[in-house]
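Q: Residue numbers (the working numbering), protein chains in the order written: chain W, 1 to 456; chain A, 1001 to 1245.
Simulated from the structure, these hints should not be mistaken for laboratory data.
There is no bait here: all hints are sound.
Have a look at the derived ranges for each label pair, beta carbon to beta carbon:
no.	chain 1	residue 1	chain 2	residue 2	range
1	A	1033	W	416	29 to 35 angstroms
2	W	209	A	1215	42 to 48 angstroms
3	W	402	A	1155	41 to 47 angstroms
Examples of chain A residues lying across from chain W (beta carbon under 8 angstroms, computed):
no.	residue
4	1149
5	1190
6	1196
7	1225
Selected chain W positions facing chain A (in silico; Cβ < 7 angstroms):
no.	residue
8	354
9	381
10	382
11	385
In this text, a Cβ means the ideal position worked out from N, Cα and C, and glycines have one as well.
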Amino acid sequence: MFALWIAKLLILLLRLRGKSATSLPGKVAMRLSPKLLARLCNSLERVVIVTGTNGKTTTVRLLAAMMREETPIITNAEGANLTQGILSALLAASNWRGRLASKTALFEVDEATLPNIASCMPVKLLVVTNVFRDQLDRYGEIDNTIDKIIAGAAFVRGTVLVNADDPLARHIGLRFAGASKTFGFSPEGASMTGFDGVRDGAFCLQCGAALEYDGYFYGQLGLYRCPQCDFSRPHPDFVGHYSQGLLQFHEVGTPDTSYRVPVRGLYNVDNLLAAVAAARVFGISSEAIRSGIDHFKSPIGRMQTFSTSPQSILNLIKNPAGCDSVLTAICADPAEKVVCVGINDQAADGRDVSWLWDANFEQLAEFGRVHRFVVSGDRALDMAVRFKYAGVPTASVDVVPDLEAALDAALSAAQSADGLSVYVLTTYTLIHKAAALLAERRVADVEIAYHRASVS
Amino acid sequence: MSKSLIIAHLFPELLNLYADKGNIQTLTQRLRWRGYSVEVRPVKATQSPELESYHLVLLGGGSDREQALVATELYKQRSEWRAAASSGLPILAVCGGYQLLGDFYQLPGGDKVQGLSILDMTTVPGEGRLIGNIAVESELCGSIVGFENHGGRTHHNHAPLGSVVSGYGNNGQDRQEGVHHWNIIGTYIHGPLLPKNPQLADFVLRSALTYADLPADLEPLDDRMELAAHQHEWARHTSKVQKTL
Ligand SMILES: [Zn+2]
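Isolated chain A, as found in the complex (with noise of 0.2 angstroms):
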């Protein structure tokens, strides 16, 4: 296989809270396990990101601080994000990466920074952090587990990620997750999110690489030691039984 999958992880030097490189070395090691070969490039906040060369856009959370540089760098450019990403550009985006899809998203002392209106969402404050562990069941891939910490509530108008078990989830209030949208996965999940959901990473794989024009069907792997610890997790923070995966 000569064709290299490309993923672009943006403003790592920003956007390096919650631990990123667990999403990207889960990525990566579940493409080369496979045959595939694939590529990291590092985009930082003074290069422009090229986005017609990406196969797959990873965008993670910073302080607020950090995260207010980003959306500036973001919003420059808002209108060729939107045009490729309502063209299927796959995006994971994380935490903060999440909240910059939207319309805006406002900080606690009551400025709006402005996202770049990629989804019909937006971001308030609320009382309190919503942290702690948090399980969800989603159409895409069977469950997710992982762990939250946010102080906004996001409400926007699209199908969720999935809907939440155990934890807080979105808001807090409509029992919602993330967001699944075009191409476009958002949510609050960290822990990292991917390696203990090897059935979402794969699903992120999948539109990468039907994206990039790459074979899609991935052989399955070895996964009995994320399953193990994807299910300890879940029996752990919720009482119900869970599907096979």
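This is chain W alone, in the form it adopts within the complex (with noise of 0.2 angstroms):
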């Protein structure tokens, strides 16, 4: 009880003084007590958890949009995947006495500490994303990250959901020994062309040989299969088509049902097909569903629109798979555009910024329709010199490591333009103070709702 109370105390004095309470409480109560965590869990009957390397906060907001139609859930605040950020998630909602106000939670948990977090926990459903190789563990361990959660999921008593696209988090689907299921988009939005960057699934994890596809949707997502063994894709238990703002969603022995798409960017519609193939393994109606993706705002840096004079669209990027989902999506806005880039390397960006080099920042240079580019941040001169080489001339490059006033220099070059968008993308250290800096400069209280069709 004592680490509990502490920890309550806490995190009502953080409020107090106008603070997040999102990792702080957790970290000092695991302090006191490592065994809190099992404890406050005890009275949880349902958890849903979402892991993988990219999409986990999206899905994870559009999945508890969907669900809080149904029941209150508990969930952890965006980014907080660590032991600390869901202990603090439970502390928040359990009240002097160790009860919590609901029973079912939703929880993001970064692939390395799924084992901790679904050993203390009745996981329900385990959601796996995607497997790409993140920028902070770039040793070639990626074989490390697929055994944790392999292990992770040993613990589960219910279903694992992984999409059908990606050949890692397939193989983690097959060697789950309970019941697994599929996600997936249908055959014919996939294309052969484009993206050559690193592919980390290139090989068959049952049998070595290099896999071979029929085609891409991105990174390398698409329709595998293994020469050598009879490892494939399957065809996935939930299919989703994205066409013209929607996702039409075809389940077997239900009719097909569509829903309207709120996110930017085929890697957000991949979020999409995820939360609703979880909200339907979960039991979730198509009625609740639509009106939970009515109620989603999207998370800070995902494609996250400000109404700011001409408008900014704000991104996060943090390893070369993510980042080239961004500027895909960037590519297929037909218009021009400035685009402002920043890059730090403190230790939550990760301090190793090669990555940015296996970034397919060619493909902006080439089919962007770029107006003008800003780099900003500690490593603003690195991105400066990674477009250089990608093809841009430096003529067209502003080097403004003060991230405010990077973000006015793009938004004044868009101005005198005619009023372009101005794409942002930062790592992680820059996206909060950007979007402060995006909101502080909105011109009218609503924020723009998504309008375009940005996916091709």
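Please assemble the complex out of the two chains, which come individually in their own frames, going by the hints.
A: So, in structure tokens, the structure goes:
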């Protein structure tokens, strides 16, 4: 009880001082009582966990909106996906005697933390979005990440739902002893063109042969098969097809449905597909899913639109695969635009910025119709060099290390060129600052609703 | 100029950590901006390298598992590799690729992976990984900045690429980083290595062009952006005033 009270007190103090209590109370409570997490979890009845490299936050936000239509849930703050973040969420939802406000929880969990978390709660559903190489984990430890997810999945008493289009996620599904289900795009959305960057799933994890593809969706996601063994992309249990702002959703044995897509970018459509499939596995009706989507607000830095003058769209970039998805979405916007990229190299960003060279900035230089580039952050000059070697003339790049000045430079360049959109891309430690600065520069009170079809 | 400079990129499907792409991009762009024609040949592990047709070989780094596969492949042709290297074939080897040029590298579990024995060099595991920004002074090209991330500790009996001003280097002890022997450059520096170190990129290009019998007097390029990035990192990680580049 003591640890619980201290942590509750801390939450109260942080809130009184206007601070958010997303991780610190959990961290303190863990120090005082390592068993507190397991104790608090005792009264949970149903837990859904979303893990994977990219798309966790958006998927959780979407799924949370859908689940809330039917039941109150406990969920962690965006990005607070380590043990202390989950413990903080439980502490905030508990009273002084350790009773939780709800018996249902939905958590975004970091891949490496998954075994620890899954072992102490009743996980009914585990969703694996995808597995890519992360910049914080660049020394070839992707095998290790997969092992961690497999170890975590072993604690699931229910269903493991994986992305059928990702060979690494599929492998995890196959290694799960219980029921596993899959979601994926319909094959007509695949293409053979584009992207030839680093594909982490290039090899069959069952036998080691190089996988062959009949088409790609993005990154390593596509219609793969192993030429040597029987490993191949399955026909997904839940199939999604994107067209004209709608996700057509097909599930065996039920009539086809369609849902409005409240997010930009194909990878975000994939997150919506994951969320809808998870909601269906969880038994949520399509009416509740639909009204959940209407109540959804896009999380910070995921194609987040600000009604600045002209409008700006903020994106978090943190690894080549995620960055490439953002760049592809920007290229799919046919209008001219200004692009502002902020790169820091603090611990939370990843100290090593070499991943910038694995991301496909060439596509932006070639197909992006970018009127002007602004680079910012501690590594503004690295980004400027990156653009130079991607084929951008140095005269089109402004180096403005200070983020506020950079955003103003980008907005004013966009304004004087007939009000072009400004796409802002930053690493983790710049994203909250960028969101706050753009919010200050809003001209209307209302955020612009998602309106443009930006996925080709 | 009709003859192309041929750059072999070894085992891109296995050794693709640490943004080798950035090194290739830097080499090819700096040649093209000067009017040279250049061809990059990806050599997969299933093909056998045709050493006599290359003017420069790039060997990158991979995970332990991938690197062990590469070592097995390379070892089959070790006498060809030794002959080509001693007759002046330029090789740029980074991280894992660097370790493979020695007699062996030992894995944390104790197993020894046989290297090409091109260099009198060995690599053993140490306590913890050596990770962080690194700044090096080099006689070849002035100064080098980048990032290192390696578990292995490397010792050799050749000239180093440079001396460590800030960071760990080959083994975290002797303040040396990398190796320079014949036309071989081996290093733990990525980040990637060449974009922010244009003088080193041109040094590598000059030796490749000479080896290819192509004109090697490289015209200067407008490197203000690269040098600004270089100096910015140098200043962040060292207290030492830099010689003018
Ligand atoms: Zn196979």
